[in-house]
Amino acid sequence: MVRSWPDSLAIAPLTAVTAGHTLVIPRIHVADVGVDPAVSAATMRRAAELASEIGSCNIITSRGELATQSVFHLHLHVLPRRPQDGLALPWSSGSGEWMLREKVAGASDIAMPAAFQVLPMG
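The sequence shown begins at 1 in the UniProt record's numbering and counts up by one.
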């Protein structure tokens, strides 16, 4: 165990993808980040506490099979990053913004929450 809190645990995964890769897991069962916002927020807070000690890192979670979720208990991956660490994320900076704009513009039957609306770039 890496760290323990009253609401969460931080453990090393069986197969780390970077040195220091840590999983932050709530103590109560929640299937994914969308089920219980309070538990999700508390778990994110713990991941942020770890991240503040690391420097450069990614914090990643997945919701649903299409998003590559394979373990159906909320968990956040805290992935320390180093030069040439070999971890390639599945997207590149800025590559999807135009696609999102097109989809939002053409999806009149979908009401997107304000938090997900694409704002004009200044």
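Just to be clear, a hint being listed does not mean it is correct.
Here are the in silico distance ranges between beta carbons for each label pair [to be verified]:
| hint | residue 1 | residue 2 | range |
| --- | --- | --- | --- |
| 1 | Gly86 | Ala38 | 32 to 42 Å |
| 2 | Pro37 | Gln84 | 11 to 21 Å |
| 3 | Ile11 | Gly34 | 15 to 25 Å |
| 4 | Pro83 | Pro6 | 17 to 27 Å |
| 5 | His73 | Ala16 | 13 to 23 Å |
| 6 | Ala12 | Gln84 | 18 to 28 Å |
Source of the hints: derived by calculation from the structure; they are not laboratory data.
Please read all numbers here as calculations on a predicted model, not as lab measurements.
For each residue, glycine too, the CB sits at the ideal point set by N, CA and C.
The hints, checked one at a time:
| no. | hint | result |
| --- | --- | --- |
| 1 | Gly86 to Ala38: 32 to 42 Å | holds, 36 Å |
| 2 | Pro37 to Gln84: 11 to 21 Å | violated, 37 Å |
| 3 | Ile11 to Gly34: 15 to 25 Å | holds, 23 Å |
| 4 | Pro83 to Pro6: 17 to 27 Å | violated, 36 Å |
| 5 | His73 to Ala16: 13 to 23 Å | holds, 19 Å |
| 6 | Ala12 to Gln84: 18 to 28 Å | holds, 22 Å |
Violated hints, in rising order: 2 and 4; the structure is consistent with all others.
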